[in-house]
Amino acid sequence: MRDGKHDDKGTPGDSLLQVLDPDCFFHILYPVVNSVMKKNTKIPVLLVAVMIVFCWMTTSRAAENSLEKIKKRGVLLWGADAEGGAPYVFPDPGDPSRLIGFEVDLADAIAKDLGVAARQSQNAWDSLVPALERGDFDMAMNGIEITPQRKERVLFSRPYYIYTEQLVVKSDESRIKDMKDLTGKKVGTLSGTAAQAMLEKMGGVDTRIYSGQVEPYEDLEIGRIDAVLLDLPIAAYYAKPNPKLKYAGGSEGEGFYGIAIRKDNEDLRAKVDEILSRLLKTGELKRIYEKWGLWDKTQEKLLGNTGGGGYVGLEESRKAPLYTFLPTLLKGAAATVVISAMSMALAVSLGLAIALLRIFASAPLRTLAVSYIELYRGTPLLIQLFILYYGLPNIGVSLNPLTAAVLGLGMNYAAYEAEIYRAGIDAVPKGQMEAALSLGMSRGLALRRVILPQGFRIALPAITNDFIALFKDSSLVSVIAMVELAKTYSMLAVSTLRFFELGLVVALLYFAMSYPLSLLARRLEAKLKGAGR
Amino acid sequence: MITVRDLHKMYGDQALFRGINLSIRKGEVVVCIGPSGSGKSTFLRCINGLEFFEKGEIDIDDIALHSINRIRPSKEDMETLRKIRLKVGMVFQQFNLFPHMTVLENIAEAPVKVLGMAKSGADELARSLLKRINLAGKVNNYPAELSGGEQQRVAIARALAMRPEAMLFDEPTSSLDPEMVGEVLSVIKDLVNEGLTTIIATHEMDFARDVAGRVVVFDQGEIVEIGSPDDIFTNPSADRTKLFLSRVLKR
Ligand SMILES: Nc1ncnc2c1ncn2[C@@H]1O[C@H](COP(=O)(O)OP(=O)(O)O)[C@@H](O)[C@H]1O
Ligand SMILES: [Mg+2]
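Read top to bottom, the protein sequences are chains A and B. For the first sequence, position 307 (counting from the first letter as 1) is numbered 307 according to the numbering used here, and the numbering increases by one without interruption. Quick note, the numbering used here runs 533 ahead of the 1-based positions in the second sequence.
Extracted from the complex, chain A is given alone in its bound form (with noise of 0.2 Å):
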């Protein structure tokens, strides 16, 4: 393992080099496309058997359960969402491949008296809680508030940061001077927040909800709504500095961030409150939330101390050159080749043998495929992930993001691929298959030289096109905590505001990527049609 600094912490793409090498990903590519060429059967077949068994050794990380454990493994894995953005957890404006934010620094601080290094996983912050459970990690610290609910699925440390909630208008505002001034306004705020719950049992507000903690600010920077409720860190990051924006009154309610730790972790759950009350004694909690401009006199009932402090970071990270980013980007992009890639191989031949199936098999077996297409083609790819990343550890089977996002993606588009397929043979001629049979062939030899390389040609163009779709569709694997492009997208343009420029390099990014793919097709359907027929 490697030592404990900021650098090695899980960055955007991290998580997917974690199990797969770099060299790794080309040794399996490429007798992929070397079989292709020499139009040889039986490796890609082969090559997806390895794949299914390679991809189930990686399953079985995480999981760890006690405090030995961690020692042990020289890592505390820590959970936090990186796009929530900053001040909690997000990418060094700097060199946005490391991440940075005051719960960067707990972490830490938690992890050097634990005697290990610390190392962030990425998670959807609405599924903290969930993977906390299934164990994709040790603790999920990423301002989650301690509520009733909460503490009945998770063991909670003390609390390390007392929030309130900041509410925020727009400069030339003057009708909204607190809270009182709310009814019948658009409020916008973010989902599953104690915000959301203050606004929503106040009655008689038009409350918005918001899934990041961005666009509320933009949209009320532009008038689409006339305040913002949120906790004060995001408010002291995002608003406070913004000249358009400013504070309607004080901080209102109280309520308390703690760290999250599975039930049966009793051990690591006292171990950290009693790190925490240390940091609170020494000193060292106060002089991080200084770091972080989130000191205040709230925080001083957290242990009776005082001070002020200044912010850094918006401001740097909206003036760095967008070279800066690159890297990280390209490490996202690398991911995304990778997941297609592997997802592509397994969707190509199970969606030819569910298609042999269809047409071929006796009459079950056939209806099986059947089911098949129709069920995938019939659901969401969205929920398909969500089943098998979150819904499965419910039944015992816990798949890594990779997996669980070669396996969703692999197995929904091999369902339009079998229909490719089918269609492809079928518009193959009749007589074809009685040339063949009456040359002495067996159905499966005929299908193999004759029928299934002029039904893949007829079928070219479609499969092409939906490579180039399934591509796009990995960006969705972001929801089941894979880092690609465009999670690695979305975590920059939170913690920079930037979503204008960079979203222009990561569309030129893909574009860059999936143009090549239909230049090939397009070359390769010319010369097969130059071939014959």
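The hints are simulated quantities; they were obtained by calculation from the structure and are not laboratory data. For glycine and all other residues, C-beta sits at the position ideal for the given N, C-alpha and C. Among the hints, erroneous ones may be present.
A short, non-exhaustive set of chain B residues, derived as facing chain A with CB atoms under 8 Å [unchecked claim]:
(1) 627
(2) 642
(3) 645
Using the hints provided, position chain B with the ligands relative to the given structure of chain A.
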């Protein structure tokens, strides 16, 4: 060599053959004529196992083909079909060359994959067959680059490459432009002259008269008459034969 006994064939609930009998000796040339839809193609396809039948028996030397379950043919049935197809080659009206293979590959494919012949030997064989039909120059062309007549000659060479003991031709010239009919018929005539057992379904009456040992007249799924070319064309006994001939010969 080929004996068809009491052949019954249904299409859906329509009966086409209601008991056909025909025996063909080794080296014999049998030409089937008759109106469209009379069952000539179906007859040939039954012999080659491309069409299953409900009742009766087809013997090819010592191989006996019976009614086969079309949905789930047994292993032995499949084996019987394969053995028959190795003995009996077939040429189709639509040529059915493999469009994704060159002329050479079309011919060499089955000898290599089915007979286990060495690739070099199969290529050699293919080249010599192509030379015999005057297509040596088209070895590496794809079927789409050939004329219809050339394609049908390649299809004949492809069937011959399997060294069949008998050949079935199902209207081999019916999809050809008139100027190409001659080149294909002359290739078939060469084969016939070499003594290959042959059954041909055709509408080329002059050709039938020229090469046939016996002519079989089909009508509505029945054999109405069997006889020598001279008998059939100059002195037909059945009314239906007369009617058919008067129609085709008028043109
Ligand atoms: N696949 C099929 N399904 C149903 N009827 C068919 C099929 N093939 C042929 N038939 C019918 O069987 C009869 C004989 O056809 P065929 O053997 O092709 O005659 P020919 O070759 O003498 O023109 C025709 O009436 C035709 O409509
Ligand atoms: Mg016919």
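Results of checking the hints against the structure:
no.: 1; hint: 627; verdict: holds, 5 Å
no.: 2; hint: 642; verdict: holds, 7 Å
no.: 3; hint: 645; verdict: violated, 10 Å
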